[in-house]
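**Q** Listed below are the residues making up each chain.
There are 2 protein chains.
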Amino acid sequence: MDAHFEPPVALGAARELVEPSLRAAVDRLDPKVRRVAAYHFGWEERDGSPGRGGGKAVRPALAVLSARAVGADGTVGVPGGVAVELVHNFSLLHDDVMDGDEERRHRPTAWTVFGRSAAILAGDALLALAFDVLLDADRGRDAQSCLASATQELIVGQVYDLEFENRLDVGLTECIAMAGAKTAALMACAASIGARLAGAGPAQIEALETFGRELGLAFQLVDDILGIWGSPEVTGKPVGADLRARKKSLPVVAAMSSETTAGAELRALYAGEKLHTDADPQVVARAAALVEEAGGRRWATDEAARRLAVARTAIANAGLDSSATRDLLALADYVTQRDH
Amino acid sequence: MDAHFEPPVALGAARELVEPSLRAAVDRLDPKVRRVAAYHFGWEERDGSPGRGGGKAVRPALAVLSARAVGADGTVGVPGGVAVELVHNFSLLHDDVMDGDEERRHRPTAWTVFGRSAAILAGDALLALAFDVLLDADRGRDAQSCLASATQELIVGQVYDLEFENRLDVGLTECIAMAGAKTAALMACAASIGARLAGAGPAQIEALETFGRELGLAFQLVDDILGIWGSPEVTGKPVGADLRARKKSLPVVAAMSSETTAGAELRALYAGEKLHTDADPQVVARAAALVEEAGGRRWATDEAARRLAVARTAIANAGLDSSATRDLLALADYVTQRDH
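Chains as they are written, first to last, in the working numbering: chain F, 2 to 341; chain W, 2 to 341.
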């Protein structure tokens, strides 16, 4: 992972295109609900003063680029970008409540500031709003259909993620399926929703969907690697947070399901009591070393590269606009090599 | 309230029309999510064995009757009936988690059986599904738009309901606004969604919406009266449950905001420590007597009758189908005179 890898220009441009509509949509919410959402997005602090901005807005960028990829203006993808970003943030708000996560993007999570009920209700409002914003778009029906399927997959992904917490026998196949549902499905929708709104044909939509899905898995693999070996400044989480939480992330499950002595030792560590929020740093370091020794890091790095290659190939020969394709590829490189 | 008031024939007929589609929609969910939803609907017990059925399905009946009211076949309203029932049950699942309610329809609530996260996720799934089921309907856009607005109102209603729990100065106007958002908005959507799907004109849609909104408020007033004076067999809740929970229901707020000594005593009782889940039955009985003495019961009964009259008038002269209008009026009488 390169240090100081610069965000591609298309990411900023897409955010500038989508954010005004996203803010306008959220501004339509009741003030008490809007306040929670605006805090969560990073637009406001808890006292209502201006915030320092939010996430990278990768999904809105994919939506805008997917419209451009099929020859339409980027603005055609904007309602799609707003909708997928709303669904993404609905799921973050609810997941943080369910997982009890207290920090996100270096800030206290919304439920810790406003309470669990307020965060649940704000998430509900964003989900309903996502379908609402597509009502006025031409060809919104097809976009809504992809959004509805992706939302159901997202929910199922969280169901399995929570279930995995209580199991030690999680297999690699089901772990990949979980990540596919929890992360890749909405990325697939984001990467094709602009093309859908532009009325593209099925072959181009499918190519963009494959791009988004494979990129989503590569992204999750990189995220999981950072969750173990990333520095706190990069991840916004404490060192080894995923290991302390005994999270069954992809590199961990790959290591555990390897038939190695390191894998067996890692399983024993996860089954015991030594790994926890306040665990001895040496125990956390040992767990990380075991994942590496059992081949979990290697596998995850290779698998991310393989997924990224499949993503690249999917859009290389689909007759898409060449400038948009370049931007999509740059975005893919960025989100899978990020150091932040 | 008459004893043994029989449900109107139209209620059963509409349920028979809507339930197969409702079940088919829920069956499309992932099995783990579907299981929670099927338990919540009363279709299954916690072990997956057949349940004894669910709620009265008033909203689906309104949807079907509103299609018939504008001259269409009742089946035209079915996707609308499914969608409003899904949104209604999404809100019940989430509200029970937020309110910590452990019983609904004489059964343990879903979160007490499957856990809070499972209930939140099942609610999320039903909300997304509600928009999904309207995608294939002709004129689904207008129906979705009314559903999206009603959902936002529903959410805001719950925000205020929760806020009221921590306040003693709740005014009658804001309490009516809360009930309007939490109950009446979705009833207004239910009572007009079939007409929207049938492509009715704005005057008929508005008449049906007014009918649903006023009926929704009358329904809530009756529900609040039952919450204080209803028997447990009727309400499915322990005697005086709303008073034990120090709920700011409409009759209570009416009593508290009356300038009477009984109202002042009731305020003091709500501000103190004597009213709680295990309170002395005499204290609960005293609170109920104070609501009555301060005119809260009288006001709520009169207000329900007044709202019901407005509802009736709204559809009396709107050029609606006379047989459907008769069924709507019978349904309105039933839900506001129910003894169960």
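Be a bit skeptical, because a hint or two may be false.
Said to hold, decoys possible - Pairwise CB distance ranges, derived in the manner of DEER restraints:
{"id": "1", "chain 1": "W", "residue 1": "A310", "chain 2": "F", "residue 2": "G56", "range": "37 to 47 angstroms"}
{"id": "2", "chain 1": "F", "residue 1": "R106", "chain 2": "W", "residue 2": "A290", "range": "37 to 47 angstroms"}
{"id": "3", "chain 1": "W", "residue 1": "P203", "chain 2": "F", "residue 2": "N167", "range": "50 to 60 angstroms"}
{"id": "4", "chain 1": "W", "residue 1": "R53", "chain 2": "F", "residue 2": "E17", "range": "52 to 62 angstroms"}
{"id": "5", "chain 1": "F", "residue 1": "G101", "chain 2": "W", "residue 2": "E103", "range": "45 to 55 angstroms"}
{"id": "6", "chain 1": "F", "residue 1": "A331", "chain 2": "W", "residue 2": "D100", "range": "28 to 38 angstroms"}
{"id": "7", "chain 1": "W", "residue 1": "P21", "chain 2": "F", "residue 2": "G200", "range": "40 to 50 angstroms"}
{"id": "8", "chain 1": "F", "residue 1": "G56", "chain 2": "W", "residue 2": "V10", "range": "31 to 41 angstroms"}
To be verified - The calculated DSS-like cross-link candidates involving lysine-lysine, where the alpha carbons are at most 27 angstroms apart (straight line), are:
{"id": "9", "chain 1": "W", "residue 1": "K33", "chain 2": "F", "residue 2": "K248"}
{"id": "10", "chain 1": "F", "residue 1": "K248", "chain 2": "F", "residue 2": "K57"}
{"id": "11", "chain 1": "F", "residue 1": "K238", "chain 2": "F", "residue 2": "K275"}
{"id": "12", "chain 1": "F", "residue 1": "K57", "chain 2": "F", "residue 2": "K33"}
{"id": "13", "chain 1": "W", "residue 1": "K248", "chain 2": "F", "residue 2": "K33"}
{"id": "14", "chain 1": "W", "residue 1": "K238", "chain 2": "W", "residue 2": "K248"}
Stated by the list, open to error - Partial list, derived from the structure: chain W residues whose beta carbon lies under 8 angstroms from chain F:
{"id": "15", "residue": "A126"}
{"id": "16", "residue": "V157"}
{"id": "17", "residue": "D224"}
{"id": "18", "residue": "R245"}
Please keep in mind that the hints were generated in silico from the structure rather than gathered at the bench.
Remember, it's a predicted structure, so these values are computed and weren't measured experimentally.
Note that beta-carbon positions come from the ideal geometry of N, C-alpha and C, so glycine has one too.
**Q** Would the stated hint for D224/W survive a check requiring a Cβ distance to chain F of less than 8 angstroms?
**A** 21 angstroms, violated
**Q** Given the range 50 to 60 angstroms, decide if the beta-carbon distance of P203/W to N167/F lies inside it.
**A** 53 angstroms, holds
**Q** Was the hint right that A126/W lines chain F, CB cutoff 8 angstroms?
**A** Holds. Min distance 5 angstroms.
**Q** Would the hint linking K57/F and K33/F be met if the CA-CA limit is 27 angstroms?
**A** With Cα atoms ~25 angstroms apart, K57/F and K33/F stay inside 27 angstroms; holds.
**Q** Quick one, are K238/W and K248/W close enough, alpha carbons at most 27 angstroms?
**A** 13 angstroms, holds
**Q** Does the beta carbon distance between G56/F and V10/W stay inside 31 to 41 angstroms, or does it fall outside?
**A** At 54 angstroms between Cβs, range violated.
**Q** Check the hint pairing K33/W with K248/F against an upper bound of 27 angstroms on the C-alpha distance.
**A** At roughly 21 angstroms apart (the allowed maximum being 27 angstroms), K248/F and K33/W satisfy the hint.
**Q** Between K248/W and K33/F, is the straight-line Cα distance small enough, at 27 angstroms or below?
**A** Satisfied, since the Cα-Cα distance of roughly 21 angstroms is no more than 27 angstroms.
**Q** Does the beta carbon distance between P21/W and G200/F stay inside 40 to 50 angstroms, or does it fall outside?
**A** 34 angstroms, violated
**Q** Return the status of the interface hint for V157/W: holds when the least beta-carbon distance to chain F is below 8 angstroms, violated otherwise.
**A** 4 angstroms, holds
**Q** With a cut-off of 27 angstroms on the C-alpha distance, tell me whether K238/F and K275/F pass.
**A** Given pair K238/F, K275/F holds - Cα atoms ~20 angstroms apart, limit 27 angstroms.
**Q** Using the C-beta atoms of A331/F and D100/W, is the stated range 28 to 38 angstroms upheld?
**A** Given range 28 to 38 angstroms: violated, Cβ gap about 49 angstroms.
Hint compliance for this structure: hints 1, 2, 5, 6, 7, 8, 17, 18 are not met, and every other hint is.
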